[in-house]
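**Student:** First to last, the sequence lines map onto chains H and G.
Each number in my numbering corresponds to the 1-based position in the first sequence with 156 added.
Each number in my numbering corresponds to the 1-based position in the second sequence with 156 added.
The hints are all genuine.
Where chains are identical, the list cannot tell them apart; a pair therefore holds if satisfied intra-copy or between any two copies.
Listed next, the in silico DSS-like pairs over lysine-lysine satisfying Cα-Cα at most 27 Å (straight line):
(1) Lys285 with Lys451
(2) Lys340 with Lys290
(3) Lys285 with Lys338
Hint data in this document are derived by calculation from the structure and do not stem from the laboratory.
Take a look at the letters that make up each chain.
2 protein chains.
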Amino acid sequence: MNQRIQERVAALREEMKKAGVDYYMVPTADFHNSEYVDRYFKMREYLSGFTGSNGTLVVCEEEAGLWTDGRYFIQAEKELAGTGIRLFRMLDEGVPTIQEYLKQNMKEGQTLGFDGRVVDTALGRRLEKALAGKNIRFAYDRDLGDAGWTDRPALPCHPVTVLDEAICGKTAGEKLADVRQKMKEAGADAFLLSKLDDLMWLLNIRGADVECNPVALSYAYLTKDDCFLFIQEGEVTQELKDHASKYGVTLLPYGQVVSFLKERKEKETVLFDVANTSYALSCALQEKGETVEGKNPTELMKAIKNEVELSHMEEVYRKDSAAVCKFIYWLKKNVGKRKITEVTAAQYLDGLRSQIDGYLDLSFPTISGYQENAAMMHYEAEPETCKELRPEGMLLVDSGGQYVGGTTDVTRTIVLGPVSDEIKEHFTAVAVGMLALTNARFLYGCTGRNLDILARQPMWNRNIDYKCGTGHGVGYILNVHEGPQGIRWRFTEGQSEAVIEAGMDVTNEPGIYIEGSHGIRTENVMVARNGVRNGDGQFMYFDTLTWAPIDLDAIDPAYMEPREIAWLNDYHAKVYEKIAPLLDEEERAWLKEATRPLPLS
Amino acid sequence: MNQRIQERVAALREEMKKAGVDYYMVPTADFHNSEYVDRYFKMREYLSGFTGSNGTLVVCEEEAGLWTDGRYFIQAEKELAGTGIRLFRMLDEGVPTIQEYLKQNMKEGQTLGFDGRVVDTALGRRLEKALAGKNIRFAYDRDLGDAGWTDRPALPCHPVTVLDEAICGKTAGEKLADVRQKMKEAGADAFLLSKLDDLMWLLNIRGADVECNPVALSYAYLTKDDCFLFIQEGEVTQELKDHASKYGVTLLPYGQVVSFLKERKEKETVLFDVANTSYALSCALQEKGETVEGKNPTELMKAIKNEVELSHMEEVYRKDSAAVCKFIYWLKKNVGKRKITEVTAAQYLDGLRSQIDGYLDLSFPTISGYQENAAMMHYEAEPETCKELRPEGMLLVDSGGQYVGGTTDVTRTIVLGPVSDEIKEHFTAVAVGMLALTNARFLYGCTGRNLDILARQPMWNRNIDYKCGTGHGVGYILNVHEGPQGIRWRFTEGQSEAVIEAGMDVTNEPGIYIEGSHGIRTENVMVARNGVRNGDGQFMYFDTLTWAPIDLDAIDPAYMEPREIAWLNDYHAKVYEKIAPLLDEEERAWLKEATRPLPLS
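If we strip away everything but chain H, and leave its shape as in the complex, we get (with noise of 0.2 Å):
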């Protein structure tokens, strides 16, 4: 028996008594839906003892449910175990879906609570369309886990930094008036942005309140005249002040963001998007006046880099790379020699980083998987019980900076000593996906769903599918996840795609991954430019960012056509220009074996 966490559940269910609400939900979330949250957002891990990262609690009188996905039935059936709390397996058959729960489970006239900051607004629409007809109230402005969480962590408030201009291409007031420009061909006064990276790349700023993400909390509201930034006092800088303060922009506590909004006199009809706006704050809009509900403008801007963002990005990948490289280099040499485990290679590549000129923090944390741990995707590594290398198989290392010019995301699969046959047909496999890619050539127009094929068929082939997309953008010093461009393939009825527009960054990941036996993922990241335009359009074409081997001692040049040879060949020629002269001599001797070139047939 869990006795911990039933007590948890019982004080919630006393705070629920009081509060009058039936039904509680707790998300997984922090006010602005990121993708990653702080410790203070944790309240439904706090909860249920569940520690995943995707879940959902319900919890009524009788019952309290968690909802997660597959990744996690494994783990969240035995972090459950004797908390009283029924597992409900996500789109497994005969599970209800939460907003089908609760339609079955609610009566007449009961009241559901959640705290309307952590549930976006799409969300909030989804349980009023589930529970229309059955006089479900909604009870969304407290957080009613709050008062039994004692030693609750403080929200995260870390000093904001103001960017260099000279890095940044745009300065906030010319980015102020492009999306002004959009919230009027929107038919919009006014603009509420939640989205944390959109917002910082707004206005030029940083902060460090998500882990390997520099966001703030925050959010600003956009008229044609003014912008009011919402900030905890504590992150506020006489910098900050001072940057504010020459593009108009008012600083106001970050709690006051709904009463101001709820008090605010002028009558403005405001743009908003679902997806990111909290349902708290959605409804205190909808209760004010009218509102626009679109994309948040600012997403695409920031997707596409201007050449100024690009070229620190370019600098700064090869930097990255030489990193990649240097510990490729110390991986193969060291292996069998000294001891290394999954978790102290992540340390001596993440070591290699943090002396890069410029260096902030990783942009995520380092996934280091050795064999059969590198075919689990979301594979995380624990000292104590991680694997430590041999001189065989490989290791798959995915990782990647924050640097003052740019975030970087690379995956290479490092040989450590002798590989199967199999594992040769499949990395060689990989490695032709993801040149195939590199290598294409389209007419503006297309998306990530025309292209995803060129980097799976060689798995599809073999009749081998990687269940992720092969490509996502990425942030410049923001989110190494951002939108909207990606490179997929699923058809999702009404989903919207992004159109890949020159300067968009893009990363290229294909992979194969055998149960129990191995994993493999090459990754580099790409950038759209404009090629030729002629009568038939304005064809495009990707320019790498990323320069490290791929490892040939997995190559099997018997599964690749000249035309993929000659891709890799001078990919590899590449690498050894761009990379060779930041390495020493004995790394540079290496990375000319690393990168010679294959016969062409």
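Knowing the structure of chain H, use the given hints to seat chain G on it.
**Tutor:** Quick look at chain G alone, frame taken from chain H:
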């Protein structure tokens, strides 16, 4: 001055005055929004003198305008000269759409007239939306052009035939039951079917009212227990009467569909599709009661060919391909030795087809374009003006037949003599694209947008595009173009896409069209099939139905990878294996040479 047309427009204006109509619109469509229309429906051509396949005439007291697309600008200008009708070049900058034009010009309280039977519901809705708030009356119940067109052809009316159930794979009774099930799932009590090929498929009948399309003008109204078929009395044979009675189908006069719907007493929620149901019919439905707008459930059922259909198609395609092979042999042997023109070449091929067992008709008028004429995708050779073939360059022939057992569609570009190196490169690129799509392996869930780039990449690699889709569905003893499947790449927000299902047939026809120089297209028909199913999903591949050599006289292996050469050799080996038995000795010897394997590097 074109007095004849001016008089016709004047007569229309008289009718408009009598009917109190201020603006009158004449589109190019039949009552079923068919792709091809009979002479009876060419009212717009009669009134304007413009003979192109796409165009809409709008007439008011002061002005008459004709809207058409880029394919027809030059032709329309010529044909409209002296008529007083103004040409509106669709999609040209600054040119209003018809909706914009009407919105700009119609005055509060005026009346817009059109024959509501030839305007589909989707277009009617767009007009309603554009003119909302101007208090415009819609007069859609009369064909105001009819009175003046004294020598108008009669409605086409040909006896209907009933297909032998042995070649259908499913009886009409089974299909009716399947559709009733879909009606139920859509929450409908009844289903109004206006789309002619869907209707023919549903009842296992065929007509002859539209050139090359074996369909009969008709409507069906299906309820849980009844099925009403509206069809001209002149089309009803004893065979049809027996068939109808066997499956509980009541035959009613074609012209009574509107009054039937208006007068029907039963309260029914009626399913219909907005694309193929006329505005007149959908208004009648909506005045009566509840409707459900959705796709015709017949569309997807018809698109997925069953095994009986597929086995007949295989046989028919083999014979049809043999005719194409005989034609290529004859052409190569005789060009330069006797007089052959674009038109007489097509006639020779049409003649070969007509000798095949079960031949019914062509599936579309044979396209035969020599040299630069092949670069015009909609080229129609005329006996008086067409080119004579010489022993040089290439002839593009796109053709197909209707047979008891299938509908075919095949294109080959045939080398008649020396061709340039550029042409060889282009020809090889087209062949490589066609073969790459043929050999695609993909997971269930893919739509044509995922696959198109496989065919198009060799062209895009050369900064060339073909400005059309790569493939379309093909009917079974039905229209040569059918949906919902297709291989296209462009994204349209909100547009539905058809997942490729096992049993769907689709053309594979990449090309290169260089204006004033040459045109190349190579087209096979393929069928999607299920391959391996494993933990990653259901893998799929294509089977080919078309067997005719790809002209090695224009293939340059220097532009091919070994794998691509192997694909070509493999295809050619199968062409010989399948077609040789259907040829005479001389033809067979030629085919052996025409399908010889190329060395692998």
